[in-house]
Each structure stands twice: as structure tokens, then as C-alpha cells.
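Undergrad: Chains A and B are the protein sequences, given in the same order.
As numbered in my numbering, residues 1 to 476 make up the first sequence, in order.
As numbered in my numbering, residues 1 to 450 make up the second sequence, in order.
Note that these hints are calculated values from the structure, not bench results.
Some clues are possibly wrong.
Okay, derived cross-link-like pairs now, BS3-like style, lysine-lysine, Cα gap no bigger than 27 Å in a straight line [to be verified]: (1) A:Lys441 x A:Lys451; (2) B:Lys234 x A:Lys379; (3) B:Lys450 x A:Lys431; (4) A:Lys379 x B:Lys229; (5) A:Lys451 x A:Lys271; (6) A:Lys431 x B:Lys316; (7) B:Lys270 x A:Lys379; (8) A:Lys271 x A:Lys431; (9) A:Lys106 x A:Lys89; (10) B:Lys234 x B:Lys450; (11) A:Lys86 x A:Lys106; (12) A:Lys379 x A:Lys451; (13) B:Lys450 x B:Lys229; (14) B:Lys327 x B:Lys316; (15) A:Lys216 x A:Lys441; (16) B:Lys270 x B:Lys327; (17) B:Lys327 x A:Lys137; (18) A:Lys86 x A:Lys137.
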Amino acid sequence: MLFSESFFPQRFGITTRDLENYLAEALAQGGAYADLYFEYLSSSSISIDESIVKSASQGVSLGVGVRVIAGERTGYAYSDDLSPEKIRKAARVAACIAAGPATVEKVSLHESGRRNLYPVLTAPTETAFAERVELVKRADRAARAYDARVFQAQATYFDSLRQVLVATSDGVLSWDRQPLARLNVAALARLNGGTPQRGHAGGGGRVELSFFLNDKTPEHFAAQAAREAIVMLDAVDAPAGEMTVVLGPGWPGILLHEAVGHGLEADFNRKGVSAFSGRVGQQVASRLCTVIDDGTIANRRGSLNVDDEGHPTGRNVLIENGILRGYLQDKLSSRLTGAAETGSGRRESYAHIPMPRMTNTFMLAGESDPAEIIRSVPKGLYCPDFGGGQVDITSGNFVFSAAESYLIEDGRVTRPVRNATLIGNGPEALKYVSMVGNDLKLDEGIGMCGKEGQSVPVGVGIPTIRIDRMTVGGTA
Amino acid sequence: MTGNDYSGLAVEIVRQALAAGATDAECTVSEGDEFSANVRLREVETLKEAGSRAAGLRILRGRHTGSAYTSDLSGDGVRHMVRSAIELADITTEDPHAGLPDSGELGSISGDLGMFCGDVEGLPTELKIDMARRAEDAALRADPRITNSDGASFETHVGRHVFANSRGFAGEYRSSYCSLSTVPVAREGESMERDYWYTASRGFAGLEKPEDVGRIAAARTVRRLGARKVETQKVPVVFEPRTARSLLDNIFDAVHGGAIYRNESFLAGKLGERVASESLTVIDDGTIPGLFGTSPFDDEGVPTRRTVVIEKGVLKSYLLNTYTARKLGLRTTGNASRGLAGNAGVGNGNLYIERGVAPPEQIIAGIRDGFYVTELIGFGVNIVTGDYSRGAVGLWIRGGELAFPVSEVTIAGTLPRMLMDLEAIGSDLEFRGSMAAPTLMVREMTVGGK
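Next comes chain A alone, as it looks inside the complex (with noise of 0.2 Å):
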């Protein structure tokens, strides 16, 4: 497709020329660099609570970000409006923060390669709302039917379409549509009244609707939801103190992005304010560990085709057979400190500055056999499901928390244990890593990332691995 044909010029009318001079507009005062983010979001929601579908709502967002570098400075604006007047604005606005005479030539843009990881011809933000509301109806009729100790269901359903376009003063001129869609459930269970338990469910990527249909249906998250519930009605007590924990397959991948992939975001090392800083080539987790941040994977939640600054993402190995190989980098810091880019600039929104973020972060699988992993393991905590995570990158302390786990008891999977949070060192808890399975999975397609006030859709896998030692935070 032709840059003419794309949405920004279709709709608006935005011209390759009217960039170049707003870039030119940009770097007026003397800055090294400018890029312009123009997105146009829409979005919509369906949820439904107590068997009622009780809310929908979509919505538009517009606007374009104008950003400029000058050495380590940078200069940022934005306009919800994007008439001509209103961006220039902007852009005199960010140009503020370099003051002398323009010093980079004329821009000319040129139109970037293609690729696209997410052929989703119809996205499903544009498929009509009562097919998308059947959605949420089968998933509290499944979570309900699940068991008769189920007494409370609800269930979400988001999509979005985001149409971007970035122009850089390097040249770089590339634009995206990136479909997004999830589904999540919980359901509440009770025994006889007493306390009640709730599991969570979910899942989705940049996918068509037929991906709920045909792939990973409502059903499917509902029973996985109403499940965890009723387990947990038996739970006892966890335990406190440091044991030998394992980690199932999918989701439980979060550890990565707590313990290692904060860590290894180009802003922090450029600074040294990571725990992190300063140990490429160096030893930082077991030799059967290989992390990596891939950017590429098809219809992935974390996948992009370009990053929010305009780049390509990749495939980047963070960590090699235990050694630390590289950061991710944005932009800013790969123009300060000369590392290559890795496609990993990301922006929550046209109102917010880009920087180095994590895609699709995972664990290569091992040679171990599952089964053989839990029966190596005299007394531990099995964790298949999680919650949220959290890390201090300076001190590299990360805790993430278990939803379902049980107790390891000479070998076996026993009793299901209450929520307890599990905490560790970065650059020091993967060392610990004994066995890992050759079971890799991708977790459904649910994770959000937080940084500085920014959230990013995000993936995260692992294969079953153990880990022979960590503080789970129960209370017995």
C-alpha cells in the first residue's frame, strides 16, 4: 500500500509534504531530532455483570505528538486537533528545548518496507455490536453452568483499533493498523455460604473476531475462570519462607518481566539505575536460561509491526545460556550511547514521550519433561496462575503474585494454597533455575505493563521451570 493510501492522507488529507514541514517546524531551534505520532484510536467495550449485559460504550481518541531531541534534552508536545495551525503549534512548542540556529537540512521522507504480523481484514472494532455482546453472554452462561457452587459471574470484553503514523526527521515515514481484542472473565464460588473464592480468566491478541469463535472461546475462559474458583475453595494456608518453587507453563512467564525484562530497558542502564547496569556479558541467570524479547510473533498481543517511533521490531535475546546479551533500546538511547535499535520504543498514546519497553518476553524451553520437574521436587510450591508483578529496578527486588498454586509434598501436586506473593532479586533469582521443560507456552494474551504512569499491551511465556530457591510470602 502506497503512503497516499493510507489512512491518515484518506481521511485527513495529511500530505507528505505538510510533514516534512512540520518537521522542518520542529527543528527550527536547532534541535538534532524530530519524529511526529499521529493516532486515531477507536475502541469499545461490553460487560456484563449478574447475568445483565449492563454496559457498552466506544469512543474515539485523535491526536499527534510532536517530539524533538536536542543531545540528551527532549522537547515534547501534543494537539487532540490536527488542523494545520494546531500542530505547527506544537511543534514550536517542543522545539523549545534546543535554542539556536536549525541545523539539520531539509527533511524528505521516504516511504519504509512493509510487513504485516496481524492480516486482520476485518477488525473486530468494526464487526457489528450484537455479535461482539454474544461474547460476554456465553462466557457468564458457561462460568455459571461450570458448577453449582458458582454464584456470581462477570465478564469484559475490549477491542480497539489504532491507526498510527510516524515521520521522523531521519526519514523514517511508516504507518500502522493495529487491531486489538480480549475477553476476560471472572467468576465468584461458595461452599454452603461460607467464604467465597473468585478466579480470572482471559485472553485474546490482534486477532479477527473468528479468533473468539473458532480458537479460544468464550467457554473456554469461562470454565478456565470458574475453575480456578472452585479449586481454591479448598485452599489451606500458604507457606512463608525460602523453598524450591515451580512455575507452570503461559502466564507465570510475568517472572521474566519482573525479574529480568524492567531491568533490561536502554533508559535505566543508560542511566545506571538498574540493577542490571553494566553486566552485559556477564552471568546472570542459569545456563539453562535463554530470554527473549520478540516484537514479531504473529497476532500476538505485544506484537507490532513497527515500533511507536517508527522502527521495526525484532527478535531480541536478552539473555543467552545464562549471559546478559543487551538491552532494548528506544531511540534516545541508542542515539546516546550508539547501540542498535531493537524496535522497542513504545508510547501508551500521541500525549506520551516514547521509551524503551518490553513486547513479547519469553524463555526458551528446555529438554526437561514436565512430569519429571515436579517429581524432582521433595517439598515445594507448584504456581500454574498468576496475578500482577511488580520490580524495583534499582535494587532489582520483583514480586509477582500467585492466583493458583499448590503445595509439593514428596513429589506430588497436593493441596491448593491461598494467594500468597512470591519475591526475589533479579539479577539473582534465575541462577536458581535447575530444570526448565520443554513445554513452552504463550500466556492468552491478557498482559498489561506499567511504566511511569505509561501502560502498554504486553505478552509473556515460560516453560515450566523449577527454581530451587524463593521466598513465597504465606503466613503458615
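Based on the hints, put chain B in the right spot on chain A.
TA: Frame of chain A, contents of chain B only:
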């Protein structure tokens, strides 16, 4: 943009919705101007400045709801939003409890609530940068172990909020906010730590001195150096005000009307019962002039008010909007809160724990072995069951004194037990946000470590 008639626009949007077939409608319009300056190692790192505005509409057709929002306030943009909301009412289910507040509930409290201070507008950029620079500089100079910095930031926000509905309510208010924060990084041997401190106010004149912000941030950071992991054990736990506030956040989630009617709170059905130590009184008050949780009306056009949530340990009230109140057969407490899209949720006004009598030093002095918690991380709180397990950082209390820093541990218990076990409440209540708590001491929790 102060010249724009957003009240007129909100009323017009409501009118268009009724003309298009809605039986009721409510519209929010908000505009805001934001500015931020970040300084790192005494140099400007980022400057950001912009303004934005958007509108949201919720309509009813009988007992069916639909909602839409847009940042395109042109005639076409607004018409598209109205059509979208009407269209969505076709797919929602009839809900007998859906609807606007009764006319008698609508209104706005009068008097100057101190939400807007004009001194935030028009501050010279150089002055704003200098505020950040002074705070960071004070931190960098405070101790030789402060070797690095994640910067300092000065931010301002000025906004206008407009709300109108088809029952005749139309109101608006302006608000302003400014804040200054800094994040020093300290190093000693292999140990590297960060912490932060900040000041925030409705007006520029209300900010604390940048030098004080930097000095406190530095002291908080340096005292974390050399932190160790302790043995797993059960001990008294003291929450300093910054972490005590997170317990208030948990209490808020547990008295939230939505969690109550769905039976997903450990406090559901406990109205009138003793749920906490007699020393605990929790109040939500959206009417206190100058504070961050203050407003003349909530996001459904109902006046804000003072609600006693917990009084001397007894649960007195949930926090409710119109919908959750109807579900529970109660009256709204004026706590409706929403963004632009969807139905109103529940939000807090100024939610705080009444101050106790003990100075924090006295609370610590009475503990032989215990844990003084200065930071909590993670999301390990289950409001349904009350199970509590979070990552914690702080100082170990030995012999009544803060003895050494501790990290990479968890604290765990259950919220129902923790509330009953509140043994001391400090006298050091201070409003630094819309939730505020003094130092709190819980008789016993499990510290998970080695």
C-alpha cells in the same frame, strides 16, 4: 481555552441525545492543560506541555444503557458520539436498577472549595525547571552516598470539569494541581537503592520547599543501603504514613458499593458490625477546602458530603453511587466517579483515618522486635477473602529503635485480622493526596524471608 462554553456544549449534547431517542442522558466534558519539566543530574531532560479536551455521554432508553466518548468536539464528532451511544443501548440488557439519580438527590455544595489556585497558571518555564533542579540538587548534596539520580520533576495541571444531565443538573468547576518530586539513587559497595519524596498542592504557594523535598528523599534513600533479608517470623508490623495509606486503599476497595452488592468483599454484609479495633475511625469527606479529594458534586451531579465509614471499629457505611445504592436498598453517598466512558463507578473523596494520640517514635519505642514498613510492592491483596501478602521494604525495629534496613521480604496476614489487630494509631496524620493515614501498628503479621 477558558473562553470556550463547555457548559453550553454539555447541555447541548444532552439535548441532542434526547432528540435522538434517549429517555435520559448525562454528559461530561473535561479539558486540561498539563506541563512537566524533568531534570536529571542538574540538566533538563524533558519538557512537556499540551492541552486536551474530550466529552463523554451516557444515555438511557428506558432501563437500557449506552455510552460513548470523543476527543473530536466538532459538530460531526459530537453527532457521531450521540449516535454511537444510542446504538449501544440496543445491545445492553434491561436493568431495573439503571438510571440517573432522583432529582431530589442532585445538587452542588456552595462556597469556595479551594480547588483552583490561579498561581499555577503562567509560571515561567525557567522557574518550574529551577524548582526541579533545586530539589534534585539538595538530594545530590545531602550525602556522599547519593551517587546518582533518576531525576526530579515539576508538574502542573489545570483543568475544567463540566457535567450536565437531563434532570436539569448543570455544573462545572475548575481545578489546579502542582507537584514536585525527586528520586535519588544511593550506592555503597554492592548495594544500590532508590527512594523518593514529593510535595503536592492545589497552588504553587502551597508547595513545600524544594530543598526539603530533596533532603527527605536523600535521607529515605540512604537509610535503605545495605538492606538484608531477615528470617521468616511473626512480629508486630508498623506502617509509616506512606504505606499506611495503602491499607486505606484496601479498606476503600472493601467498602466499594460494587464489591458489596456482588458479595466480593470481606466486608459485605457487615454493616453495623465490629470489623476493626476500637481505635479505628475512617472518614470520607469530599467537602474539605483545598484538599485533593474535594469537589462540589460527584460524577452523577450529587453533592459530595462527609461519610463516616468506620466509627470506633464499627462499620457504619459503604461508599456508594446511585446504582450500587439502589442495588443495596440504600441512598447514594455522593461517591460516583467515572472517566468519560461507561457507567459511573465509585471513588473516594478525602478518605482518611482519624489521628490517634501516639507520636510515631513512641509506637516504635514500645516494640522489642518488629518491622517498620516504608514501601510495599506488588498486588497481593485479595479483597474477596481478605488474604494479604505483599513485598515489603523497611527497617527492622530492635529494642524500641530503628536498627537496620530490610528488603526482599514479604508481609502476610488477612485484612480482617489486621484491622482487628490495629494496636496503635499515630498522631501524624497529613494530607498528601486524596487518601491519608497516620502511622499504624498491627500486633502481628508473618514476615517471609530466609
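Undergrad: Confirm or reject each hint.
TA: Cross-check of the supplied hints:
1. A C-alpha spacing of about 25 Å is found between lysine 441 of chain A and lysine 451 of chain A, which places the hinted pair at or below 27 Å, so the restraint holds.
2. Between the alpha carbons of lysine 234 of chain B and lysine 379 of chain A the distance comes to roughly 22 Å, so the proposed pair stays at or under 27 Å and holds.
3. As the CA atoms of lysine 450 of chain B and lysine 431 of chain A are separated by approximately 17 Å, the hinted pair is consistent with the 27 Å bound.
4. Straight-line distance between C-alpha atoms of lysine 379 of chain A and lysine 229 of chain B comes to about 22 Å, which keeps the hinted pair within the 27 Å bound.
5. The straight-line distance between the Cα atoms of lysine 451 of chain A and lysine 271 of chain A is roughly 16 Å, inside the 27 Å bound, and the hint therefore holds.
6. For the hint pairing lysine 431 of chain A with lysine 316 of chain B, the CA-to-CA distance comes to about 51 Å; that exceeds 27 Å, so the pair is violated.
7. For the hint linking lysine 270 of chain B to lysine 379 of chain A, the alpha-carbon distance of about 39 Å lies beyond 27 Å, and the restraint is violated.
8. Distance check on the hinted pair: lysine 271 of chain A and lysine 431 of chain A sit about 25 Å apart at the alpha-carbon level, within 27 Å; holds.
9. For the given pair, lysine 106 of chain A sits about 20 Å from lysine 89 of chain A by alpha-carbon distance, which is consistent with the 27 Å threshold.
10. In summary, the hint linking lysine 234 of chain B to lysine 450 of chain B is supported, as the alpha carbons are separated by about 13 Å, within the 27 Å threshold.
11. A distance of roughly 22 Å separates the Cα atoms of lysine 86 of chain A and lysine 106 of chain A; the hinted pair therefore holds under the 27 Å criterion.
12. Restraint check for lysine 379 of chain A and lysine 451 of chain A: not satisfied, since their Cα atoms lie roughly 36 Å apart, outside the 27 Å limit.
13. For the hint pairing lysine 450 of chain B with lysine 229 of chain B, the CA-to-CA distance comes to about 7 Å; that is within 27 Å, so the pair holds.
14. A hinted pair counts as satisfied when its Cα atoms are at most 27 Å apart, and lysine 327 of chain B with lysine 316 of chain B qualifies at roughly 18 Å.
15. Restraint check: the Cα-Cα separation between lysine 216 of chain A and lysine 441 of chain A comes to about 15 Å, which is no more than 27 Å; the hinted pair holds.
16. Restraint check for lysine 270 of chain B and lysine 327 of chain B: the C-alpha separation of about 16 Å stays at or below 27 Å, so the hint holds.
17. Between lysine 327 of chain B and lysine 137 of chain A the alpha-carbon distance is near 21 Å, which keeps this suggested pair within the 27 Å criterion.
18. Between lysine 86 of chain A and lysine 137 of chain A the alpha-carbon distance is near 44 Å, which puts this suggested pair outside the 27 Å criterion.
Of the numbered hints stated above, those contradicted by the structure are hints 6, 7, 12 and 18, listed in ascending order.
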